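Participant: Taken in order, these protein sequences are the chains called A and B.
4 is the number of the first residue of the first sequence in my numbering; add one for each residue after it.
13 is the number of the first residue of the second sequence in my numbering; add one for each residue after it.
Treat the hints as calculated values from the structure; they're not laboratory data.
Computed from a predicted model, the values in this text were never measured in an experiment.
Be careful, since some hints might not be right.
List of simulated lysine-lysine pairs, DSBU-like, C-alpha gap at most 35 Å [to be verified]:
#	chain 1	residue 1	chain 2	residue 2
1	A	228	B	269
2	A	252	B	269
3	A	152	B	250
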Amino acid sequence: MNNTASGAAPPRPVKLSCHGLWKVFGPNAAQFLAAHGGKVTSADLERAHMVGAVRNASIEVREGETFIIMGLSGSGKSTLVRCLSRLIEPTMGELTVDGQDLLTMTEAELIDIRRHKMGMVFQHFALLPHLNVLDNVAFPLMIQGVARKAREERAMQMIELVSLKGRERRFPAELSGGQQQRVGIARSLAVEPEIWFLDEPFSALDPLIRREMQAELIRLQNVLKKTIIFITHDFDEAIRLADRIAIMKDGEIIQIGRPEDLVSNPATDYVAKFTQDVNRARVLSAGGIMRQSSPAAASLRRVQAAQKVESFAAEIVESAQPFAVEDAAGRIVGEVMPRDVLDVLTGRGREPLRD
Amino acid sequence: MTDVTASRPPVTRKAEDAGRYLVLLAVAAAVAIFLARDVVPSLTTYPDAAIIPFKDWIGAVMNWMKVNLTWFTRSLAAIMDVPLRFAFNLLAKGFKLGSGPEATVLPRLSWAGVVAVMGWLGYINGGWRLALLCGGGFFALALFGVWDNAMLTLALIVICVPFCVITGLLVGIWSYRSPRFNNWLITPALDLMQTIPTFAYLIPMLLLYGSSPVSALLATGLFATPPMVRATLLGLNKVPSEIQDFADMAGCTRRQKLWRVLIPSAKPSLMIGVNQVIMLALNMVIISSMIGAGGLGYDVLLALRALKIGQAMEAGLAIVIIAIVLDRLSQAIAHRQPAIAAREGTWARHGNLIIALGLLAVTTLLALVIPALADFPKSLTLTTAPWWKAGVDWLTLHLFDAIEALRVFVLLHFLNPMRAGFEALPWFGVLLVVVALGWRLGGWRLALLVAALGFFAAASGLWVPAMQTLYLAGAATLVACVIGIPLGVWSSRSDRVQSVVLPIIDTLQTIPMFCIIIPVVMLFRVGDVTALIATVAFAIVPAVRYTDHGLRQVPYQLVEAGQVAGCTRWQLFRHVQLPVAMPEILLGINQAILLALSMIIICAMVGTRDLGQEIFKALAKADSGRGIVAGLVIAFIGIIADRLISAWVNKRKMRSGMG
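Same shape as in the complex, but just chain A:
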């Protein structure tokens, strides 16, 4: 799903957006924020014995985009995603879904939008222990009042989609972690949500299972094309799955960008630290490292701007010739030098990081 948002395609409509979103814990937090006009520093908060779990967050997620919120534990990413789904009431700010203001909705409207537009997958699966797989997956449909036959049919489709057919009568306690999360995924998809929240869905799984589930998610997303908001603390996972990544620290979003942007232009040392161990050839694309094209470019071998360095690195180094870079329409937009590719592969030429 990488790069589906890049390139020259016209921008798709904004699905979910928030502006100046705050979540501050503490007595009378709303008045406190209002009194400061939304301009509060860490020192202000500390003096008032408040905790700013989310501070002035603004994001726009477009339809079909996989948007990843990345941060270490305590960075506020989980609170942010709960504010976006209004599981937690934000202290201040704007929040819209499809242009509708989510924060002024009544409980009934909110219930309706959650029943039909949103789905969520949880870190610890959150399966209901007293229901079997089939009933768990059918649960969101049941509370909407869908008839037994119809909801079980739909649930079976979802169970097949996540390759759990044959285990539909098992209870959660009888399944492995990976299988339980498949149930969680099937359940969240049963209502055909448009916005899909995944809160560290793979963090509780073994590394091998985690990779398998990531691949599964990529496969599903290629079919389903949902708007995904995905929380993780694992930068590799973020890079693997993301169209865009927002990096959070101490409740603030410090940079939003495509994986490539974060790697090539980290906004702060903090972001740079995350990116320093990344396999850059897998993240950077031809478009990202190209130079101005020379007149001779037309006669050179061509690569797509969106192509990752990894995909042509061996050939360009072997041929020792620059390659021409073309955009999606076939126009030449620049050239890639073998030397630059070598730099990407070896990490040469990067500024050493200050600690």
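For chain A, the structure is supplied; the task is to place chain B on it using the hints.
Facilitator: Same frame as chain A, now just chain B:
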């Protein structure tokens, strides 16, 4: 990351020292008051003139209720009577239609049917072993000829338990939804309800409803509901936040979230609550025989009063059988895992119910033709009473001297000096020490609470009986800990020992308080020694269990770290395991104190002189003011002990960072 860690107030060394000095100061003041008892007698013995007539006030209120709320109590009694009578008729008496000699009698359920259903219930919930226990246990009731009374007791339980469970569930849900309501009303009310001795419940019921099964039912309901409220609250609060989030994200309405998600997720905790309700109800139903519950408890009561040890033992055993069967059965149901449903349809869902109803119907119909199925044939019943009597006679004949020597020794060298010491305690001095402890352990709030509760005990004019209760309960707790804690330590260090100790402890815990007294009375007759032994037998359970559990849950990394550091076994125990397990052990002691207090009161039946006797007398005279005040004093002693120890435990946990 949403949890906001409250910044802990730094405990300065100075404040710590000040607290310690304050306690020492209070102790010194208490000693001074004791020494100067002739100069300031009013600080030693609470002056009669200053006694606040709580009991008259409460008595007046109760009388007012009796006079003015009769319409209410009468109608409530009439409503409650309907299901109760139905259950009595169904299980024990049979339905009488019409009156006079031509009345038709519909038969009660056949004993064979009930035994078979118990066996079936055991089988589907716990396999053959449980089937044998449940069916066999109930068969024994028929075999020993106590079937009728056992069924009267069971009928009360069957009506009472659903009532308690539903009430407890609803109150629990309400206090879960409204934390303020919970903090200000429910938690204190539950604390009070669970520390007021059982006898004290009987008095107002007796006053308002007279001596009848309905008053027994209401007393039992009041006593047995609190654990269900607690279990509901605990269960709902334990539901993972992710599951709550899921319910919201799935678009549940509030009602759907509660009944479809939260309550089913909390089921294991709720089932533990149900088990406790059953056990407490059984316990209380037996005690309620004093106010007209009838059934097995009444048999025990009559036999004990007439000192017919054999009969008392027999009825007591029947109660224990019911207790064990109900306990194991409800635990098995609680722990049953949902299994893969093999088939769909009515049969799969209700098959067990159909079989059980079928068993009852067939046997009851057959009983119309075969009388042996209606009433267990008299010729086949066994009575164990003569054996017990023979056993006791043999014991008294051969071991009388030894038992008597032990009794006199304990009385002279342990109990009497301790009693004298407690009776001499100056009320004001004790209050000072308790308040200082409260301040040191829990700040001014706790100090204020224990001051108020302690002052109530003194001002009600019941200081001396309160100290007598404290002496017996204290002595029993001491003995229970001296025996129980080492036993717990031993059991924690060896699985073999544990496999012997735990079942015994479990069974001891299942036996209703009333029944523990019987065998002790046989050997030691009435008096303080009997009360002490019976109470120790009851209070030892938490001492052993919490010690064992506390030591076993010490993280093995800590033990390994100790081993790597080169600790000897003793050092490991002394410096690693014991300190880590200490909070748990203290909680066990706390529980032991509370159990001892409740048991001591029951022991008023075997002639102790203390608050229990006060309540006992009040019960005989239906003097509600006196009985309730005495009950409150006992409850307050329990709450003071509980709060001080809990505060201490929390402090320890805080300091070691485990809080």
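Participant: With reference to the structure, classify each hint as holding or not holding.
Facilitator: So, going through the hints one by one against the coordinates:
1. A:228 with B:269: holds, 30 Å
2. A:252 with B:269: Within the cut-off at roughly 33 Å; holds.
3. A:152 with B:250: It holds: about 33 Å lies between the C-alpha atoms, which stays within 35 Å.
Consistency with the previously given hints is maintained throughout, with no hint failing.
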